[in-house]
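2 protein chains.
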Amino acid sequence: MPIKSEVIANPKSERVRRVSELADRKGRKRSGRFMVEGPQSVRELLTWHPGLVEDLYVEVESAQPDASFATPVVAQMAGKAMQSGVYVHKVTHAVMHRMSADAQGVLAVADMQAFLDSSAAPDDFDEHAMVAAFWQVRDPGNAGTVIRSADAAGCSAVVLVDDCVDVFNPKVIRSTVGSLFHLPILTMGTDDFFAWCDTHELAVYAADVYGTDSRQPESLTDVIAAPETLAGAKAVLFGNEARGLTKEVLERTDRIVSIPLYGKAESLNLGTSSAVMLLSLAMSSHVERM
Amino acid sequence: MPIKSEVIANPKSERVRRVSELADRKGRKRSGRFMVEGPQSVRELLTWHPGLVEDLYVEVESAQPDASFATPVVAQMAGKAMQSGVYVHKVTHAVMHRMSADAQGVLAVADMQAFLDSSAAPDDFDEHAMVAAFWQVRDPGNAGTVIRSADAAGCSAVVLVDDCVDVFNPKVIRSTVGSLFHLPILTMGTDDFFAWCDTHELAVYAADVYGTDSRQPESLTDVIAAPETLAGAKAVLFGNEARGLTKEVLERTDRIVSIPLYGKAESLNLGTSSAVMLLSLAMSSHVERM
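Chains as they are written, first to last, in numbering that gives the first Met the number 0: chain V, 0 to 289; chain W, 0 to 289.
Treat the hints with care, since some could be wrong.
As the list claims (entries may be wrong) - Examples of chain W residues lying across from chain V (beta carbon under 7 Å, computed):
#, residue
1, Gly84
2, His88
3, Ala274
4, His285
The hints are simulated quantities; they were obtained by calculation from the structure and are not laboratory data.
Bear in mind that the values here come from a model prediction, so they are computed numbers and not experimental data.
For glycine and all other residues, C-beta sits at the position ideal for the given N, C-alpha and C.
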C-alpha cells in the first residue's frame with residue numbers, strides 16, 4: 000500500500016487524540032486497538048505479525064509533502080511496513096509527541112483481538128517444552144522483562160495467571176523489546192491454569208524461596224545437577240513481585256525450586272530471578288539432550 | 000548517642016540544603032560525604048558499616064519534640080542507629096522531602112573515604128573465588144542491579160573498570176538495595192584491572208556474544224556442563240550496556256563466554272545477563288565442589 004503523501008500536522012485532530020488514548024485501558028477497550036511504540040518493537044511486530052497492524056505512524060522532519068523521515072531507522076520501518084501492505088502515515092514531531100512520548104519516531108496501531116487470536120498456545124507440547132507462568136504480576140516493567148526472559152529461554156508460551164497487569168499496557172510492550180510478538184501470551188485464572196497444565200501434561204514448578212510447612216524448596220543448584228529429573232514438559236510459575244506465591248497455590252504445584260543466594264543479598268527481584276531460573280532450566284535441559 | 004529532641008523543621012536551613020546537595024557529584028566531592036536513602040539500604044549500612052555513618056535523619060509526624068516516628072520502620076531504624084552510636088536527627092516531612100524524594104522516611108549521611116577504606120579487596124582469593132567486573136557501565140540503575148546480582152552470586156568483590164557511573168550516585172545505591180555494603184566495590188582503569196587480575200591470579204572471563212575474529216565465544220551451556228574447567232579464582236568481565244566490550248579488551252581475556260538464546264530474543268540486557276552468568280557460574284562451581 001502506498002504511503003500517504005500528506006503529513007498529519009495537527010496535534011489536536013481527532014485521529015491523533017484517538018491514538019493517544021490507546022495508552023489507557025479504557026481507550027483500548029473502546030477501540031479494540033493497542034499501540035506499539037519504538038523501532039525495535041515495531042520491527043518485531045512487522046516481522047512476525049504484519050497482519051495485525053492497522054496503521055503505522057512515522058515521524059518526518061516538517062509538514063511539507065516531501066519532508067525527510069526523522070531518522071534512518073524511521074525510514075527503514077516505513078519501507079518495511081509498505082512491503083507488508085501496511086498503511087503508513089507521515090506525522091510531524093508535535094503529532095508524534097502527542098500520540099506518545101516513547102515512540103522514538105515510529106508508532107503502530109494494531110488490533111487486539113487479532114493479536115489474541117494469533118497468540119494461541121500450541122495444542123501439544125513436546126517433551127522438552129517449557130512454559131513461563133506469572134501469577135499476579137502487577138508491575139508493567141516487570142511483566143515486559145519476564146516475557147523477554149521467557150523468550151530468551153526458548154519458552155513455548157507465557158501465561159499471565161490471575162490478576163496480572165494488562166499485556167496491552169504500552170509500558171509492558173516497550174519492556175518486552177519485541178518479545179511480545181515472538182511467543183504466545185495467554186491469560187487465565189488460577190484454576191484454569193492448573194486445569195490447562197493438567198490437560199497438556201505440564202508439570203508445574205513453582206519458583207519460590209519459602210515453600211510450605213510440609214515442603215521445603217529444592218535448590219536450583221541441585222535441580223540442574225540432576226538434569227535427568229527435568230525430563231518432560233513443564234510450566235514454571237513465578238509469584239507476585241511483593242508477595243510471591245500463596246501457600247494454597249504452592250500446594251498445587253509439583254515441585255518447588257529456589258534460587259540459591261551465596262552472598263549476603265536477601266533476595267532477587269522478579270525480573271532477575273525469572274531470568275536465572277528459566278535460562279538455567281533451559282541450559283540444563285539442553286545439556287541433558289546433548 | 001542520644002537522639003536529639005528538637006525536630007529540624009526548616010526545609011531552607013543550611014544543613015538541609017547541604018544534605019540535598021549530596022545527590023550531585025559536585026556536592027559529594029565538596030563535602031566528602033554521600034547519602035544513603037530508604038530503610039533497606041540504611042539497615043544494611045547500619046548492620047555492616049555503622050562506623051561510616053555521620054548522621055541519620057528520620058522523619059517524624061510533626062515539629063513537636065514528642066512527635067511520633069512517621070512509620071514503624073522509621074522507628075526501628077532510629078533505634079538501630081542509636082544502638083550503633085550514630086547521631087539521630089528528627090525531621091519533618093517537608094525537610095525529608097527537601098533532602099530526598101526517595102528516602103521513605105530514613106536518610107543516612109556517610110563518609111566517602113571511610114567507605115572506600117572499608118571496601119578494600121581481599122589480599123588473596125581462594126580457589127573458588129569469583130569477582131564481578133563491569134567495564135564502562137554507565138546507567139546508575141544497571142550498576143546497582145549488577146552489584147546486587149554479584150552479591151547474590153557470592154562474589155568476593157565488584158570492580159568498576161574504566162569510565163563507570165559514580166558508585167556514590169544515589170540511584171546506584173538505591174538500586175543495590177543494600178548490597179553496596181555487603182562486598183568490596185573497587186574502581187580502576189582497564190590496564191590496572193588486568194594487572195590486578197594477573198597479580199591475584201584471577202583468570203578473566205569475558206561475558207560477550209560476539210567474540211573476536213580469531214576467538215568464538217564458548218556457550219555458557221557448554222561451560223557449566225564441564226564444571227571442572229571452572230576451577231580456580233576468576234573475574235567475570237561485562238561490557239557497556241550499549242556497546243559491550245571492545246575487541247581490544249576481549250583479546251586480553253582468558254575465556255569468552257556467551258549466554259545461549261533459545262528463542263527469538265536478540266539479546267538480554269546487562270542486568271539480566273550478569274545475573275544469569277554470575278549465578279550460573281556460582282551454581283556450577285558449587286556443584287563441582289559437592
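Structure-based check of each hint:
1. Gly84: For W:Gly84, the interface hint is violated, since the closest Cβ of chain V sits about 23 Å away, which is over 7 Å.
2. His88: violated (28 Å)
3. Ala274: holds (4 Å)
4. His285: Check passed: Cβ of W:His285 comes within 5 Å of chain V, closer than 7 Å.
Checked against the numbered hints listed earlier, the structure breaks hints 1 and 2; every other hint is satisfied.
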